[in-house]
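*Asks:* Spelled out from the first residue to the last, the chains are:
2 protein chains.
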Amino acid sequence: MNLSMVTDLYELSMANGYQQTIPDEEGIFDIFYRRVPDNGSFVVTAGLAQAIDAVADFHFEKTDLAYLDSLHLFTEKFLLFLKDFHFSGEMTAVPEGTPIFPREPILTVRGPLIQVQLFETLLLSIINHESLIATKARRITYAAQGRPIMEFGARRAQGPMSATFGARAAIIGGCASTSNLLTAKLFDVPSAGTMAHSWIEAFPSELAAFEKWAELYPDNCALLVDTYDVINSGVPNAIKVFGDLVKQGHQPIGIRIDSGDIAHLAKIARQQLDAAGFEKAKITASNALDETTIQSLLLNEKAPIDNFGIGEKLITSASDPVLSGVYKLVAVVHDGHLVPKIKISDSREKVTLPGLKKVYRLYNKQTHEAFADVITLADEEISANSQISVRSADPLDTRQHSFLRDFDFKALQTTIFDQGKPVYTSPTVKEIQAACRSALKELPEESKRLSNPNKYPVYISEELAQLQDQLIGVD
Amino acid sequence: MNLSMVTDLYELSMANGYQQTIPDEEGIFDIFYRRVPDNGSFVVTAGLAQAIDAVADFHFEKTDLAYLDSLHLFTEKFLLFLKDFHFSGEMTAVPEGTPIFPREPILTVRGPLIQVQLFETLLLSIINHESLIATKARRITYAAQGRPIMEFGARRAQGPMSATFGARAAIIGGCASTSNLLTAKLFDVPSAGTMAHSWIEAFPSELAAFEKWAELYPDNCALLVDTYDVINSGVPNAIKVFGDLVKQGHQPIGIRIDSGDIAHLAKIARQQLDAAGFEKAKITASNALDETTIQSLLLNEKAPIDNFGIGEKLITSASDPVLSGVYKLVAVVHDGHLVPKIKISDSREKVTLPGLKKVYRLYNKQTHEAFADVITLADEEISANSQISVRSADPLDTRQHSFLRDFDFKALQTTIFDQGKPVYTSPTVKEIQAACRSALKELPEESKRLSNPNKYPVYISEELAQLQDQLIGVD
Numbered sequence: 001m002n003l004s005m006v007t008d009l010y011e012l013s014m015a016n017g018y019q020q021t022i023p024d025e026e027g028i029f030d031i032f033y034r035r036v037p038d039n040g041s042f043v044v045t046a047g048l049a050q051a052i053d054a055v056a057d058f059h060f061e062k063t064d065l066a067y068l069d070s071l072h073l074f075t076e077k078f079l080l081f082l083k084d085f086h087f088s089g090e091m092t093a094v095p096e097g098t099p100i101f102p103r104e105p106i107l108t109v110r111g112p113l114i115q116v117q118l119f120e121t122l123l124l125s126i127i128n129h130e131s132l133i134a135t136k137a138r139r140i141t142y143a144a145q146g147r148p149i150m151e152f153g154a155r156r157a158q159g160p161m162s163a164t165f166g167a168r169a170a171i172i173g174g175c176a177s178t179s180n181l182l183t184a185k186l187f188d189v190p191s192a193g194t195m196a197h198s199w200i201e202a203f204p205s206e207l208a209a210f211e212k213w214a215e216l217y218p219d220n221c222a223l224l225v226d227t228y229d230v231i232n233s234g235v236p237n238a239i240k241v242f243g244d245l246v247k248q249g250h251q252p253i254g255i256r257i258d259s260g261d262i263a264h265l266a267k268i269a270r271q272q273l274d275a276a277g278f279e280k281a282k283i284t285a286s287n288a289l290d291e292t293t294i295q296s297l298l299l300n301e302k303a304p305i306d307n308f309g310i311g312e313k314l315i316t317s318a319s320d321p322v323l324s325g326v327y328k329l330v331a332v333v334h335d336g337h338l339v340p341k342i343k344i345s346d347s348r349e350k351v352t353l354p355g356l357k358k359v360y361r362l363y364n365k366q367t368h369e370a371f372a373d374v375i376t377l378a379d380e381e382i383s384a385n386s387q388i389s390v391r392s393a394d395p396l397d398t399r400q401h402s403f404l405r406d407f408d409f410k411a412l413q414t415t416i417f418d419q420g421k422p423v424y425t426s427p428t429v430k431e432i433q434a435a436c437r438s439a440l441k442e443l444p445e446e447s448k449r450l451s452n453p454n455k456y457p458v459y460i461s462e463e464l465a466q467l468q469d470q471l472i473g474v475d
Numbered sequence: 001m002n003l004s005m006v007t008d009l010y011e012l013s014m015a016n017g018y019q020q021t022i023p024d025e026e027g028i029f030d031i032f033y034r035r036v037p038d039n040g041s042f043v044v045t046a047g048l049a050q051a052i053d054a055v056a057d058f059h060f061e062k063t064d065l066a067y068l069d070s071l072h073l074f075t076e077k078f079l080l081f082l083k084d085f086h087f088s089g090e091m092t093a094v095p096e097g098t099p100i101f102p103r104e105p106i107l108t109v110r111g112p113l114i115q116v117q118l119f120e121t122l123l124l125s126i127i128n129h130e131s132l133i134a135t136k137a138r139r140i141t142y143a144a145q146g147r148p149i150m151e152f153g154a155r156r157a158q159g160p161m162s163a164t165f166g167a168r169a170a171i172i173g174g175c176a177s178t179s180n181l182l183t184a185k186l187f188d189v190p191s192a193g194t195m196a197h198s199w200i201e202a203f204p205s206e207l208a209a210f211e212k213w214a215e216l217y218p219d220n221c222a223l224l225v226d227t228y229d230v231i232n233s234g235v236p237n238a239i240k241v242f243g244d245l246v247k248q249g250h251q252p253i254g255i256r257i258d259s260g261d262i263a264h265l266a267k268i269a270r271q272q273l274d275a276a277g278f279e280k281a282k283i284t285a286s287n288a289l290d291e292t293t294i295q296s297l298l299l300n301e302k303a304p305i306d307n308f309g310i311g312e313k314l315i316t317s318a319s320d321p322v323l324s325g326v327y328k329l330v331a332v333v334h335d336g337h338l339v340p341k342i343k344i345s346d347s348r349e350k351v352t353l354p355g356l357k358k359v360y361r362l363y364n365k366q367t368h369e370a371f372a373d374v375i376t377l378a379d380e381e382i383s384a385n386s387q388i389s390v391r392s393a394d395p396l397d398t399r400q401h402s403f404l405r406d407f408d409f410k411a412l413q414t415t416i417f418d419q420g421k422p423v424y425t426s427p428t429v430k431e432i433q434a435a436c437r438s439a440l441k442e443l444p445e446e447s448k449r450l451s452n453p454n455k456y457p458v459y460i461s462e463e464l465a466q467l468q469d470q471l472i473g474v475d
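So the protein lines, in turn, are chains A and B.
Just so you know, full-length UniProt numbering puts 187 at position 187 of the first sequence, and the rest follows in order with no gaps.
Just so you know, full-length UniProt numbering puts 254 at position 254 of the second sequence, and the rest follows in order with no gaps.
Errors might be hidden in some of the hints.
A pair holds if it fits inside one copy or across any two, identical chains being indistinguishable in the list.
As the list claims (entries may be wrong) - Simulated crosslink set (BS3-like; lysine-lysine; CA at most 27 Å straight-line):
1) K343 <-> K282
2) K185 <-> K83
3) K350 <-> K267
4) K282 <-> K267
5) K441 <-> K410
6) K280 <-> K448
7) K83 <-> K350
8) K240 <-> K341
Simulated from the structure, these hints should not be mistaken for lab results.
Put together the whole structure using the sequences plus the hints.
*Replies:* Here you go:
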């Protein structure tokens, strides 16, 4: 399975065409998105490590070339170019785990058009997918208010690899652990799990099944209590087994409830456990939960749940399963001169931001809270002591001029490839998770709300705004 | 990337436990689902070929075993068992491309519990994913009423592998082609594609970009006409280029519209093309379409569209992105005796069908139309000359007894593994697509409707019904 072949046919048709018409032209492409899933205010980026691997390893094997040749669309010269493909350009990107707002470039690639055109499909499929799941995980962990979230959606993911990289993204977005062993192994993150109903059913009785489990895993004893009847059978049997465990000097972990009215069952189970002296035994809830149900369980119904196991609604971002990131040409380099490009559209909202750009996050000097982002042209310099003249980045806003002054700032982009060489070392997934948590802390609370979040201000510099106007033909 | 590690931790914890408690117990698991995505009446199954590979290749590598050992959960004996893992059991399944109804077993695995418990996560993630996308593709091709559908969602798929196997499933469900070169190469299916907006923008003018394309691909000339203005620029420029092509003896393919009001633009473009003598030039529409929009475009708005390119809404089944297939223990084999098992639930709907079973599709002898399915115990025989006593398979129905007689019938399951050996040769994807088309033709029209389809009758044999009642404790 050569990932480089996960490329739309037309990327190759275009590259083959560029080779015959404008072989020396360079292109600059931005990846960005316009709409945040679930009407949130930002996306948590993820997938950069896989994107780097995809570009560094981009190649075509003998059988790929034979297949492409069989299409009778490509010149021999082009197939030779594919055979010896190696990226010779530049890439910048925001680190994984960064909260990023609509229209801000997440990743920018510069290089010969004939090369960088080929990356579109693969880069988007990686970045769109992982950022989608990291964003959903952020929402779910936000709703859980610090309670640990176990990701266990592999069986309902869109295939095993989607499960694996989705679980990676879920950890970046804030999940505590995953049930997926491949993810846990590859990315050195905690694995977690208890037992399935089949364990209970494989034994003559629920009690016998629990007893065996306690014997096997005395220090990892979390029991699934809803196979037959949570209140009348599951919890009483768990309590018996926990009693024996304590006598043997072990601390039981707790119980998991996977069906029925979770809030109601958790409340009674809590009383039963407490009455038996197991105040420290945790209650884990699972059963098709997402951020909306979790918020309701905790805030409205005051369900005494300590941990959540989240499956299909996280691993597919079921309520909004697509992040519509795009890969748009923002400039060509013609005889050494950078010529900004724009995609005009009937819909003002879809008009792109031209040119090579940078994104800055601005912080209040006193509170250290982020209060706005500014997108500038790459050759503009900003400094903490001068003011910046800006307009709103959202073309649907009135776009009056404003001035920003007296701030601290941070450039969000980092260099990833330099002259075709990868120059960036990805942090570990645990480090990315921690960086994400810090970056989220810096954002205003009201931008993190799950429904109707306040719109965080994203500006473009006056210089960029004027370039855009000029290319659209606005006076 | 060892796919076998795409397994939930608890599967291994349970298997490790089985080895120490009931090592010789055999288990039988069914994969089935309860709810059809998008409120359809059936699912088109897909993914069996990948499921077979996953089981045949199930293994643990040195680094996997080292990782598992580091969890301090498993005995040395169990790790040795994993090291030498090979499946020794049986598998039956319905062939890919079969329309299948709720509660009918799609795939059944029988073997030592310690083995078959391990397949749950991986098999479900494969079968759930591909069946989901095949089902969505069936809906979309149904809406398109014979017009070819090109799958081109890779960039919005949930990762590159989801794109690749999703595109395979899309072809099974009826799509004509895919833009994904890996899918086209691996599964020998048609690849398709035109050009992106970046091609147009890379040239000084739209006309110049079109002219170059026509020169490069005179026999594959489909032009994207919405970069600047479909009616005033795109189509007129395409017509100029088509004129030149015809003079050179080539037949232009047509145009693609990817934004704006598709119905309105297609109508005017059609008039423009016809007036210029290009009645045979096709119009392809793309822009975030799904079965609902396609039906509206064709039936209500009478848009003159010849082909559709479908992206994110197909490759993620965006309107309903999860097929909730489950893997449930239906029997254990204890000292050589098959003991049927049932999962009881508070919700009557979730109670499983116990025992080893078969599914038959029954046909009207005159019309050859399928009129019902019957699920029986595996050792029951049915014949065309006797009658069958049945009840509804849906526990929410009144479940009165009925008798079925005078029918032709077909058993849907096939043997896939026999004593651990794969004995089934998967058809090609094109053959599966054709088989799916035939199987769909046999179903009643009213079960194929996109909204509020008629419920196709699925029965269980009286013997199976009585076994279920007995295990639930119903008199």
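*Asks:* Tell me, which hint numbers fail for this structure?
*Replies:* Result: hints 6 and 7 break, sorted rising.
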